[in-house]
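A.B. asks: Got chain A sorted already, so can you dock chain B onto it with the hints?
There are 2 protein chains.
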Amino acid sequence: MRGIARLARELGVSTATVSRALNGNPNVNKATREKVLEAAQRLGYAANQAARSLAQGVTHSVGFMIELDHESTTSTDYFFMGVVEGMQAVLAAHGLDLLVLPCAKSQDNFTFLQRFVSRGAVDGMILAETRRIDRRIELMQSSGIPFVTLGRSDSGGGYSWIDLDFEGVMATAVDRLVGQGHRRIAVTVPSNDANYGTIFAQAYQDSLARHGLAFDEELVFPTRRREDDGGSLVDGLLDRPDPATAIILFYEVTAIGIYRRLAERGLTPGRDLSIIGFRGEESVRFLAPQVTCFHMSLPDLGTAAARALLAQMPLTAPAFSSGVLQRRVPLSLVPGESDGPPASGVR
Amino acid sequence: MRGIARLARELGVSTATVSRALNGNPNVNKATREKVLEAAQRLGYAANQAARSLAQGVTHSVGFMIELDHESTTSTDYFFMGVVEGMQAVLAAHGLDLLVLPCAKSQDNFTFLQRFVSRGAVDGMILAETRRIDRRIELMQSSGIPFVTLGRSDSGGGYSWIDLDFEGVMATAVDRLVGQGHRRIAVTVPSNDANYGTIFAQAYQDSLARHGLAFDEELVFPTRRREDDGGSLVDGLLDRPDPATAIILFYEVTAIGIYRRLAERGLTPGRDLSIIGFRGEESVRFLAPQVTCFHMSLPDLGTAAARALLAQMPLTAPAFSSGVLQRRVPLSLVPGESDGPPASGVR
Chain A
1 MRGIARLARE
11 LGVSTATVSR
21 ALNGNPNVNK
31 ATREKVLEAA
41 QRLGYAANQA
51 ARSLAQGVTH
61 SVGFMIELDH
71 ESTTSTDYFF
81 MGVVEGMQAV
91 LAAHGLDLLV
101 LPCAKSQDNF
111 TFLQRFVSRG
121 AVDGMILAET
131 RRIDRRIELM
141 QSSGIPFVTL
151 GRSDSGGGYS
161 WIDLDFEGVM
171 ATAVDRLVGQ
181 GHRRIAVTVP
191 SNDANYGTIF
201 AQAYQDSLAR
211 HGLAFDEELV
221 FPTRRREDDG
231 GSLVDGLLDR
241 PDPATAIILF
251 YEVTAIGIYR
261 RLAERGLTPG
271 RDLSIIGFRG
281 EESVRFLAPQ
291 VTCFHMSLPD
301 LGTAAARALL
311 AQMPLTAPAF
321 SSGVLQRRVP
331 LSLVPGESDG
341 PPASGVR
Chain B
1 MRGIARLARE
11 LGVSTATVSR
21 ALNGNPNVNK
31 ATREKVLEAA
41 QRLGYAANQA
51 ARSLAQGVTH
61 SVGFMIELDH
71 ESTTSTDYFF
81 MGVVEGMQAV
91 LAAHGLDLLV
101 LPCAKSQDNF
111 TFLQRFVSRG
121 AVDGMILAET
131 RRIDRRIELM
141 QSSGIPFVTL
151 GRSDSGGGYS
161 WIDLDFEGVM
171 ATAVDRLVGQ
181 GHRRIAVTVP
191 SNDANYGTIF
201 AQAYQDSLAR
211 HGLAFDEELV
221 FPTRRREDDG
231 GSLVDGLLDR
241 PDPATAIILF
251 YEVTAIGIYR
261 RLAERGLTPG
271 RDLSIIGFRG
281 EESVRFLAPQ
291 VTCFHMSLPD
301 LGTAAARALL
311 AQMPLTAPAF
321 SSGVLQRRVP
331 LSLVPGESDG
341 PPASGVR
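Line order of the protein sequences matches chains A and B. Take the first sequence: its position 161, counted from the start at 1, is 161 in full-length UniProt numbering, and no numbers get skipped. Take the second sequence: its position 186, counted from the start at 1, is 186 in full-length UniProt numbering, and no numbers get skipped.
All the pointers check out, no bait thrown in.
The list cannot tell twin chains apart, which means a pair is met if one copy fits it or any two copies do.
Derived lysine to any residue pairs resembling SDA-like cross-links, with alpha carbons at most 20 Å apart: (1) Lys35 with Leu11; (2) Lys35 with Gly95; (3) Lys105 with Val189; (4) Lys105 with Ala89; (5) Lys105 with Leu298; (6) Lys105 with Ala194; (7) Lys105 with Val90; (8) Lys105 with Arg115; (9) Lys105 with Pro299; (10) Lys105 with Ala92; (11) Lys105 with Gly95; (12) Lys105 with Ala93; (13) Lys105 with Asp300; (14) Lys35 with Val13; (15) Lys105 with Thr303; (16) Lys105 with Pro190; (17) Lys35 with Asn109; (18) Lys105 with His94; (19) Lys35 with Glu10; (20) Lys35 with Phe112.
These aren't lab readings, by the way, just hints derived from the structure by calculation.
With the rest of the complex left out, here is chain A (with noise of 0.2 Å):
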């Protein structure tokens, strides 16, 4: 407790109100609070916890920080449980336990990683869902606490992160619809702030660019992980003077809602319009025609992940090839019968 009580002293306050503050603990007031976690940044705290923890492997716990919001909670999309599987069986391994921890929408994301690794919780952190600047991986920097993150950021710099290669399936996707005669192909993006939509709108406009074809940003999506956005979708894609011929899905549940639609219409997938989804979920999978898609392994996400933050811990370290990991996960390309040729009337 030497930590706080230096703490304490610097600040004028006792070292109960300081270690309230560090551990988030609402009795204390905010202006108290901020005072005492500026200092306690400033002057090493958290860094000296760590390398605390550390030493003497208090935790042997490692953390995944992930977000929670109405929407993805009710999703039908098992991606954080695919990869927490992955995640912890390597951890296990290692004779570290996993900690998942939820951070909800409404709450504030540095906030709340601030109060873990102010706490010494954990020996390892992985943090998802990156924003394009994220003042997270800043602090996880100077917390000295080694860290992995779940998608790209341009904070930072030199840090390990896993992604999914969003370039490479959307330049797959976009070259097979062109090749299969379409010009007019519409996107869909995540309508929420995270780093992967817009890295996926911008594969999108490259991907274009690269065919000689005009960007439209009438053909451009914001869409929930919900099957029920696809409805709309279908009269805005084709309800216009020049209607789009193919799209390409963020979420590929959306394709359910896609699909009844165009039935309601009378019109059929993959041929009135072609669909082609990102990432291959379990819940499309008994449609009719099968959606064409992206395949990856959500327990591998897991693994890489946690093999590059086991890299980076001192205990480990040795058994791992060192050094930062920046890597894009590929994905392999499943062919279904939700795409082809524009049907002429159409196009």
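C.D. replies: Below, chain B alone, put in the same frame as chain A:
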């Protein structure tokens, strides 16, 4: 560290060895680890750790132990994510962070829990997937750390639990089917060792008995949470001298495979086979005809579990009505079109 020093003296080993053993470090041999853990429990070390955590409020964290296998992590069901959403919100409002602790099915769940208890890593614990006999409950009781289980058990006696009202669901489903004229009613049960499977199967027997219907164990089908298991199920139900005319599903996703197989056989759900699902799952929402099922709110279930825990934690208990809470959460029937009077030909 006085607790550790006392343990080390008692056992004639170094404090480093005790620390490593308590933290689950794989470098301690199995015999030593077990000796240390046994002594820690016998001497009340874990309880002291917990008492210290509570007095100082050092963790401000609540653990939620879940169990992972490839079946659950690749399922389109979001049971845990939904429950976590509710828990997290209530705990955050009381200044507590939720740590989701995933234990692989391949790990020993007792040792896993013991590690977190011994470390004093949490101020409270919520356990899921209770077994009929579940040693984890006695472990928590002897630890002195407040806890709640999601699910009942024959172990432990007077502790707080929240569970689904399997009995009420089954009674309603069987009453409804019998009222429609069904006499040969099948059921699916989970193919794992969780207590909810036993409770669901027992409720099925009790409900049949209430109507004077014979129990036929050939109408009880263990299934995984997989769409695919529905196909063989249909054959097993119908290709017999006295076919079943109705089925009650523990995992509602099974309906997807059932619908597909019925279509392949030229049969119609609701007419040739009546189907009632247990819990309305997002992934079957788009099936036609709509599946008759029961509704519940997963976040509300998480909220109820978190409140039952807060009612036992020293810092928050004053704000809650005290005492042990043992509560079955009711589900309400949402009539669909997947059930109805049996077709006279099949019957």
